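S.K.: Those protein sequence lines, which keep their order, are chains Y and E. If you count the first sequence from 1, position 724 lands on 1870 in the working numbering, and the numbers rise without skipping. If you count the second sequence from 1, position 93 lands on 647 in the working numbering, and the numbers rise without skipping.
The hints are simulated quantities; they were obtained by calculation from the structure and are not laboratory data. All figures in this text were calculated on a predicted structure; none of them were measured in a lab. Mixed in with the good hints, there may be bad ones.
As the list claims (entries may be wrong) - Here are the computed lysine-lysine pairs in the BS3-like style, where the Cα-Cα straight-line distance is at most 25 Å:
#	chain 1	residue 1	chain 2	residue 2
1	Y	Lys1332	E	Lys574
2	E	Lys709	Y	Lys1352
3	Y	Lys1332	E	Lys573
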Amino acid sequence: MNVVIDGKTVEGRAGETILECALRYGISIPHLCTHPALPPFGACRICIVEVEGMRGYPTSCSTPIAEGMVIRTQTEALRLLRRNILGLMMLEHPSACLVCERRDLCDKYRPKSEKVGATTGCHTCNNKEVCEVRELSADLGLAEIMVAPNYHYKPIERSEPFIDRDLNLCILCGRCVRICKLHQGKSVIDFVHRSSQTHIGQAFGKNLHEAGCTFCGSCIDVCPTGTLSDRYAKWFGRPDRITETTCIYCDEACALAIYAVNNKPVMAKGLYDKWPVCVLGHFAIPEFLNSPQRLRTAQIRVNKVLRPVTTEEATQRCAELLKNHMGKNFAFVCDTSSTLEDRHVFKKFTQEVMQSPYYFEIVPDRKGYARFTNIPEEVKAVITTGSFVPQELRDKFEVVISLDIFPSEWTKTADVVCPVAVFAEVSGTVLDKDNQIRPLIKACNPPGEAMPEWFVVQQIAKIFSPDKWKEYQAVEEITYELGINTAKLNLDRETAPPASQNLKERREWFKGHKIEDYVSGLVAVRNFEEGQDHEEKAEVRLEVKIPENPLPFMVLSRRELVPNTYEFVIHAPAIAKKALPGQFVIVMVDENSERIPYTLSDWDERKGTITLVIQEKGLSSRKMISVNEGECLAHVVGPLGTAFEIKHYGTVAILGGCYGIGAVVRLSRALREQGNKVIMISEARSHYMTYYKKELTAVSNQFIQTTIDASSGEKGHAIDALKRLLQTGEKIDLIVAVGCPFMMMITAEETRNMGIKALCALNPIMLDGTGMCGACRISVGGETKFACVDGPFFDAHLVDWDEVRDRREAYSTEEIQAVSYTMPSTTLEGEHRHHHCSCMERG
Amino acid sequence: MNSSHSESELVFGIQELFKKHPARRSSIIPLLQEIQEHYGYVSPPAVDAMSEYLGVSASEIYGVASFYTQFKFVPPGKYVIQICQGTACHVRASSIVLEALREELKVEPGHTTSDGLFTLERVACVGCCALAPVMAINGKVYAQMTQDKVREVIKEYRQKEENKTGI
Ligand code: SF4
Ligand code: SF4
Ligand code: SF4
Ligand code: FES
Ligand code: FES
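Start from the sequences, fold in the hints, and give me the full structure.
M.R.: So this is what it looks like as structure tokens:
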């Protein structure tokens, strides 16, 4: 069948759609609601094309090709239509970053997104690096949003196992609903309610588990936006390696793609669109393998205590201990979670080196539980590759050598413990339940000194019989020796694994360890199953009575100003008495939490209170925003830093962005009181992110609001409004910029040649705040400064902005992991209270 | 219309309703209507039972049901307040009366107050246009309503309830 696409004659296949045919020939047609795993739906209309002889604009994803069709995919009319369709869709999405004039610069300066609570734009979206909507909007040249977009103020759902859901980002493409139906035979989630209230949900607001979700994760895999995300994986960003391998939690042996960042597994998903994998395959691999509890160094028993040693010392000790337990005194106990290669080496070692008949391979039961009790009387020494020998039997052995992944009673009483690499950390082969051989491909690095099991055993063998043991250089040599033709191995399978349809079928044990002990989401699933944790999330905040004499550091008021930004009023008379404009405090939420610096937004000496404006970004600030009225913070230190020099400058332009809008209230007032003309410019992504308009108007001579998407006030960043002012002939004597590093950086760059002094506040990068730790070191004009004591205000034109960025991006993988665990929802996601946002003004 | 039934009663009765409709998707709306007619609202156990019978997920049924404003998901209140929106009442500013009810009860039409006492409903014409604007509570007609009168009446009902529970 011949069709013509954009003037090119191509050969179409019967039954395929225009989109499929075009994509096959490398002709790209933008599309959104359709997905290769799903049957056509035709909902978003982004994929429209022109077909000669057909009226209107058919959707290419759902129109089958026909002989002789003449199709055009790239006309100007189509581009315009598509752009408008996307524009309409973006009215219900935090879309400011898409139409931002500095989008490219922003992406360059901060390629990673920030791990916030509520996403208010791409820059704070977990999906940023892989977003289909972003790509589409760039391709279609979306540059403006026609009317002010709508933000839904839906609380972010993060108390479900594994899955975070921020419905404020949902574009209702329906991919999740359709894949759930396709993979599960029924849709656990569906569109509920109507018109502007329509959203993805479960019947009667049940939780996912009650609604029958098996946590197969398929919905996350197809969601084109940041709405549905894998809580563990979400902030790791774009993976740098994807490896196709086999899941070995059970003998279904599903094909998986393991995503790694820096050789660390961060996400896993089923390899084939047609089959879902089970909860373990999708969600339990990275968190399990990355668990901080993993054994990382070898240990040997010295005078009753286990001491860390090098791998060489440990294997040396093994050989010494085993020397006197040859023959029937020795046994090797493993289970079928070890690869065929591992087991080949174990067996060879037992029979040829130890000359013992006692090689035991246990087959775990349906739940993955494996126990070994049948130990012959004469056995006095044993090597185990997992914790499956009951502890009662420990005393039967004189020597226990434990190859394992996690500490257990068994490893704690062993004579030698060797950490081993398993699962996605190794290559080899395994048998599935139908005795088919499946390949295992190394996808990530094991922790610490851990080595593959066969390798550790070979090390022992080499010491034992250096001449007789034929050394394997690589695992492939063992595979070859086993006669396995690797070229023939495949990952494909016939049916979906039962556990992907029935949560109860899931495995619970791996190598004698309970999987849920290391995977927080599984504990949440278990709690649901046992009927715990069903307490309603507190929706209404309890009225708290603040005592006449508040305790030190008591939170007197807490409110959400705009999504993800909170205002706290804290009882701290000593600080309020001494505070000066520009100074900051350091907060410790509880004894164990990090110390976080916050600029003093305002204070009241009479009432003894201080006001802070705080954004949720990472674990510490999440803890902070979870503190309720009437509760006390562990400690607040301050005031710290060098105060802003309040004197007569003339005309001062103060530029505030994000948290900085809150941070400059007192500064502005003080400057005005000194006779300065204060022009306050507040920037926000969109109208629903603006706050403190009244407060700032009250403390300045002129107040200008800008928004990136022009939905409230002037369009653009604060610097754009400043430039416009200068063009009208306004004379500015001093510029003060307070906001995120990007905002301060562009202010610095774009005012560099104006001959106006510009100051910026560099405080969100410090630790102890007293000049001791050096965490806040920055270069200003080639000199090293400490933001905490020399700052926070520095000459913006002298700051090394690349260094500031690098320092902020240097948060560790540990921090990302820490925010990623499934936690019981302690954060009260109060309703949005319209204090300052302009959604009410719009009516 | 019986609004207080146990779960087993409901499931028992519902099987009778199911008999009238084939077990396929197209029965979702007719069945929802029957359930609403019979029980006054669509309850979670009713949807679960439907889900089992039709082999369609509860979320999907709920998705369909919540699309239409006609379906209610909470039992009707003890007092059903109907506010007439017929032409005569409309001309005589029934919308202002409705506004007062909305404020007083803090619910939208079609919804029930959280204490389960009142359900607010808009109806087409009560049939006594001479008395416009008209409000009816459980069938009892209140004539020539104003915002103040509405508040008065609601207060009376509330007081009546309080006295009852007080005893
Ligand atoms: S899903 Fe996230 S990254 Fe994509 S356009 Fe929306 S906010 Fe930006
Ligand atoms: S995780 Fe699987 S079962 Fe659960 S809602 Fe998503 S697709 Fe459906
Ligand atoms: S949650 Fe994601 S996949 Fe589902 S409708 Fe929304 S944007 Fe589409
Ligand atoms: S991709 Fe074709 S209509 Fe959405
Ligand atoms: S914060 Fe540690 S030296 Fe400044």
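S.K.: Determine which of the earlier numbered hints do not hold for this structure and return their numbers in increasing order.
M.R.: Per hint list: single violation, 2.
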